[in-house]
Amino acid sequence: MGSSRPGGAGLDSAGLGVRRAIGFVAPALLLIAVFLVFPALWTLYIGITNYQLTGPAAANPRVVGLDNVVEAVRDPLFTNSVWLTALFVLGSAVIGQNALGFGLAWLLRTVRPGLRRTIEGLVLLSWILPGTVVAYLWFAVLSRDTGTLGLLLGSPQTAWLVQYPMTSLIIFNVWRGTAFSMLLYSSALAAVPPSQLETARLAGASGRQTVRDVVFPHIRGHVLTNTLLISLWTANDFTPFLLTAGGPNHRSEVLPVLIYRQALESGQLGYASAMSLLLLVGNLAIALVYLRLLRRRA
Amino acid sequence: MRRTTVFGLLGVCALLAGCLGRTQEGDQARNADAKEITLTIVANAVAGGKNARGANWLQNWVIPRFTEQQKAKGVTATIRFEQNGAGDEDFKTKVALDLKTGGGGDIIEVDGIWLGELAQAGQIKPLGDVVGNTDWDGWNQIPKAVQGLGEFEGRRYGVPMGTDGRVLFFNKKLFAQAGLPVDWQPRSWRDVLDAGAKLKALPGVTPIQLNAGTAMGEATTMQGVLPLLAGTGRPIHENGKWQGDSEQVKDVLELYREVYGGGLGDPVLQQEAKGRDRSFALFSENRIGILLESDYFWRSVVEPKNGVAKMPDRDTAVGWALVPARQPGAGVGGQDFVSMSGGGVRVVNPNTRYPRQAWEFLQFLNSAEAVKESLAGAAQLTQRQDVNDEVLAGDPMLTFVAEEVLPITRYRPGLADYPKVSAALQQATADVVAGKSPDEAAKAYRAALVKAVGEGNVG
Amino acid sequence: MSPLWVVRRIGFSVLVAVVLAFFAVPMLWLASAPFDSKPGLGLRWPDWTFANVVATFGHPYALTSLLNSLVLCVVATVVTTVLAALAAYALSRVRIPGRDLLLYLLLLLSSVVTGTAAMVPIFVMMLQLGLINSQFGTALVIAGGMLPAAIFILKDFMDAVPRSYEESARVFGASPRQVLGHVVLPVARPGVATIFVWAFVNAWGNFLLPFLLLRDVGRQPAAVLLRTLYDEGGSANLTVIPVFSLLYSIPVVVLYLFVNKRYGFRFHGGIKS
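Protein chains in written order, with UniProt numbering: chain A, 1 to 298; chain B, 1 to 459; chain C, 1 to 273.
Source of the hints: derived by calculation from the structure; they are not laboratory data. Each hint should be verified, as a subset may be incorrect.
In silico EDC-like links for lysine to aspartate or glutamate, alpha-carbon gap of 16 Å or less [to be verified]:
| hint | chain 1 | residue 1 | chain 2 | residue 2 |
| --- | --- | --- | --- | --- |
| 1 | B | 274 | A | 145 |
| 2 | B | 451 | A | 145 |
| 3 | B | 73 | B | 111 |
| 4 | B | 173 | B | 33 |
| 5 | B | 73 | B | 36 |
| 6 | B | 250 | B | 389 |
| 7 | B | 125 | B | 153 |
| 8 | B | 451 | A | 67 |
| 9 | B | 250 | B | 439 |
| 10 | B | 451 | B | 417 |
| 11 | B | 274 | B | 254 |
| 12 | B | 172 | B | 313 |
| 13 | B | 241 | B | 417 |
| 14 | C | 38 | B | 285 |
| 15 | B | 451 | A | 75 |
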């Protein structure tokens with residue numbers, strides 16, 4: 001995107017000029033600085049103290065350096081959480097939402113407009129309904145005795161959220177988040193030149209071949225952006241708490257849930273903040289992988 | 001330049017963090033003669049929601065009466081009521097944040113079990129240090145055991161708001177079907193297990209509901225581990241130390257194994273996010289035989305008119321019995337039967353602008369007239385003996401608790417570490433329900449305990 | 001019609017039916033439970049009644065909380081959308097050094113602030129700023145957490161607006177402000193609309209911040225109320241919850257339908273990186 005124009009203002013087609021551009025960016029940056037960067041850095045600072053909400057350590061918090069981080073890494077609950085979070089992100093976002101979102105976008109190109117709108121509407125509805133409501137909806141699907149899934153499968157005695165907690169959460173999150181991927185891929189597919197698709201069809205390429213050889217090269221950037229955003233959102237998603245509260249016996253305690261429980265139920269804010277820091281590092285790793293892939297493309 | 005900005009920000013953070021531990025000391029008689037006062041009471045009660053009766057009472061009875069009473073003395077009082085209605089942990093977080101930052105209501109309703117941690121954090125102070133002289137004729141009406149709920153390390157922090165007691169509830173209809181006596185009173189754990197074995201013969205019935213696991217939270221500790229541990233003769237906290245993987249803890253876990261490994265309880269139910277609510281529903285549908293709960297279960301769960309899981313035939317169908325010790329005489333203090341109790345406490349915020357008036361308001365809240373009014377015609381154990389004598393008369397279950405249970409009950413140790421110990425105990429029961437042996441679970445419990453409170457505090 | 005074609009056709013229909021069922025079945029609860037005389041956590045043909053609706057409207061804070069939610073979310077959403085659109089436009093058109101790095105860093109930090117660990121800093125800061133119990137202040141905190149992602153997404157939309165449009169407009173003497181208002185925004189409108197809905201939906205569901213920052217129960221939004229709909233004893237109040245869930249969902253659905261009809265809820269020409 002380099003520019004050869006004088007003034008070094010890049011592709012300043014609107015004639016904004018650097019000063020006005022800064023004026024446009026400043027309000028957002030100010031708000032972000034005050035309400036985001038400042039508390040975030042402070043949280044990270046709390047992460048190196050033994051700060052607690054109540055009890056003796058609340059009266060005199062002490063800086064303990066990286067003790068919290070070391071403790072977290074050694075804590076079996078934390079490592080358990082890391083694996084579960086990785087599983088959750090991989091299963092529900094990277095594979096689940098990506099695949100279903102692309103599948104829907106691909107499928108919906110050819111169906112009748114009425115049906116298409118219905119499906120799109122339903123998928124979007126599951127995305128925009130508030131988390132608390134959605135949690136109740138899924139309780140009704142997965143609960144024992146009266147749950148819809150148990151009735152459909154003829155096994156009302158199965159307590160899905162207890163017996164298969166992670167599988168339930170992954171399916172739930174696919175349901176919840178596919179809309180974003182679907183929207184994004186719909187727009188991406190619209191940008192694939194129809195002539196190329198036609199050529200592929202005439203050449204007798206199968207659906208899979210078409211997707212791999214014709215479509216994918218065009219939407220590679222979309223795939224990466226989509227995967228980054230949904231991975232970050234899923235890794236920081238708190239909704240699992242509403243469904244399983246991390247249970248049974250920590251079997252679905254993804255990191256945001258563990259952090260919540262440490263912060264609110266145990267009042268161990270220093271420790272919880274240190275874990276937030278580690279979650280941040282994890283997010284950073286996801287982003288770096290993504291940037292690398294993107295650069296390789298370019 | 002960017003680096004300096006970051007360090008600058010960190011510096012500001014450190015400064016602000018320093019402010020977090022700040023508390024405000026003051027003269028106990030400050031503003032004692034003020035002609036215009038504002039007091040705020042904070043409670044986890046909200047109209048139309050949790051503890052709505054308490055909220056309505058404060059809003060519609062207490063505030064107008066007290067304002068009027070003050071007016072008669074020439075004082076213009078504005079009383080604010082900050083309603084909540086959230087989960088206990090959420091509410092505690094809010095209160096702690098308030099107190100930590102030097103704010104909050106003048107009178108705060110907290111769970112008695114939080115006193116220790118709030119006190120150790122310096123967020124609340126002994127009542128006398130905050131308001132000065134605490135003479136009050138009401139103290140004579142509050143039994144010593146109940147007053148203990150508002151005390152920490154031998155000092156009084158607040159006025160209790162009432163208490164409860166834990167018993168074994170059982171379904172008389174199922175007992176009759178299983179050929180068990182409907183005036184059942186087990187004398188040992190073995191008696192309870194034997195009754196469970198007979199109930200097991202009934203189709204679709206879970207014999208025993210003994211709360212277990214982490215999903216039940218504090219209900220596991222209060223309605224499970226602690227009453228059982230009291231039945232082994234050794235309380236969880238003794239001589240300044242928490243009980244580790246002792247024989248007594250193993251005995252308790254062994255009982256859990258017998259219940260959940262022996263088909264007497266439903267292991268899956270313990271792990272469900274809404275398992276406790278479900279156990280109530282099952283009991284009311286005659287599908288649970290024996291259930292350990294506080295009198296709240298009788299008053300608010302199976303209560304025929306407004307209960308969560310109404311039982312129209314509660315008065316004839318639900319029986320109750322004292323929780324037996326492991327065997328007669330094996331309980332704490334050599335008791336044959338045991339119980340655990342809890343309850344709320346009203347404390348005065350050390351940061352209040354009007355300590356004397358806050359104390360006056362607190363006395364008003366705990367006057368016989370106010371306490372009786374707060375029940376709105378229902379029967380419930382209150383903190384006051386005179387009120388109990390009057391309102392419990394028509395309710396055999398609550399009278400039983402007042403007369404038989406309260407004399408033998410124990411309270412939880414209100415220490416800052418308690419929630420962590422409680423969590424470790426819940427985890428141990430979860431392990432047993434999930435199939436670990438009691439020995440393994442006890443070992444893991446000890447490790448968690450040492451990590452939570454330090455080696456030196458584990459006995 | 002070859003047999004293969006028939007098989008594929010049937011397979012296709014089954015696939016569509018499965019997808020429809022997967023997304024539709026969970027929502028049936030929202031249609032049945034509110035009007036069932038004994039609502040529970042399960043699906044059944046309701047024993048029709050209106051009593052739950054009456055009970056919900058009789059709840060002292062049900063309707064006010066929905067109004068509060070509207071105020072809170074409209075402020076947070078407008079602030080987010082306007083500021084993000086301005087910033088995204090400038091970042092898209094003018095090369096500011098370290099722009100991409102800055103965006104990524106902010107995106108990452110936003111995950112810390114939306115987490116629970118940040119509650120003490122946010123609470124203490126709001127206290128010092130005197131913004132406790134202020135709906136406006138709470139809306140700003142929520143907006144601050146959403147801005148990075150909003151800028152990130154909108155920048156892609158802005159990048160996609162052909163620069164030639166602006167250049168032509170400038171040739172005809174339009175000021176930068178006019179270019180933005182009359183050329184860029186109309187073209188990027190689906191993107192802005194999408195972000196508007198996204199921000200609104202996010203703010204609408206936020207529980208912890210309003211719970212901690214708004215002390216007066218009369219100012220708390222519906223997200224907080226729904227999490228505190230207990231009965232007297234502290235168990236979930238299943239009489240009120242289903243109806244209130246329905247009421248609570250309506251505004252976001254209406255907003256989506258409106259935006260979708262008016263501006264198109266699409267990423268077309270949008271995010272691509």
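Pair hint residue 451 (chain B) and residue 67 (chain A), alpha-carbon separation not exceeding 16 Å:
Holds, because 14 Å separates the two Cα atoms, which is no more than 16 Å.
What's the verdict on residue 38 (chain C) and residue 285 (chain B), does the C-alpha distance respect the 16 Å limit or exceed it?
Measuring from Cα to Cα gives roughly 14 Å; hence the hint holds.
Within a Cα-Cα threshold of 16 Å, do residue 451 (chain B) and residue 417 (chain B) meet the stated pairing?
11 Å, holds
CA of residue 172 (chain B) to CA of residue 313 (chain B), is that 16 Å or under?
11 Å, holds
Hint consistency between residue 73 (chain B) and residue 111 (chain B) [alpha-carbon to alpha-carbon, up to 16 Å]
33 Å, violated
So if I understand the rule, the pair passes when the alpha-carbon distance is 16 Å or less; does residue 73 (chain B) with residue 36 (chain B) pass?
11 Å, holds
Does the structure keep residue 274 (chain B) and residue 254 (chain B) at a Cα separation of 16 Å or less?
Distance ~25 Å between residue 274 (chain B) and residue 254 (chain B) Cα, so the pair is violated.
Take a quick look at whether residue 250 (chain B) and residue 389 (chain B) sit within 16 Å of each other, Cα to Cα.
41 Å, violated
For the pair supplied as a hint, residue 173 (chain B) and residue 33 (chain B), confirm whether the alpha-carbon distance does not exceed 16 Å.
62 Å, violated
For a C-alpha distance cap of 16 Å, please report whether residue 125 (chain B) and residue 153 (chain B) respect it.
This hinted pair holds, its Cα atoms lying about 12 Å apart.
Are the Cα positions of residue 451 (chain B) and residue 145 (chain A) separated by 16 Å at most?
40 Å, violated
Within 16 Å, alpha carbon to alpha carbon, are residue 451 (chain B) and residue 75 (chain A)?
Since the Cα atoms of residue 451 (chain B) and residue 75 (chain A) sit roughly 10 Å apart, the hinted pair holds (cutoff 16 Å).
Checked against the numbered hints given earlier, this structure breaks hints 2, 3, 4, 6 and 11; the rest are met.
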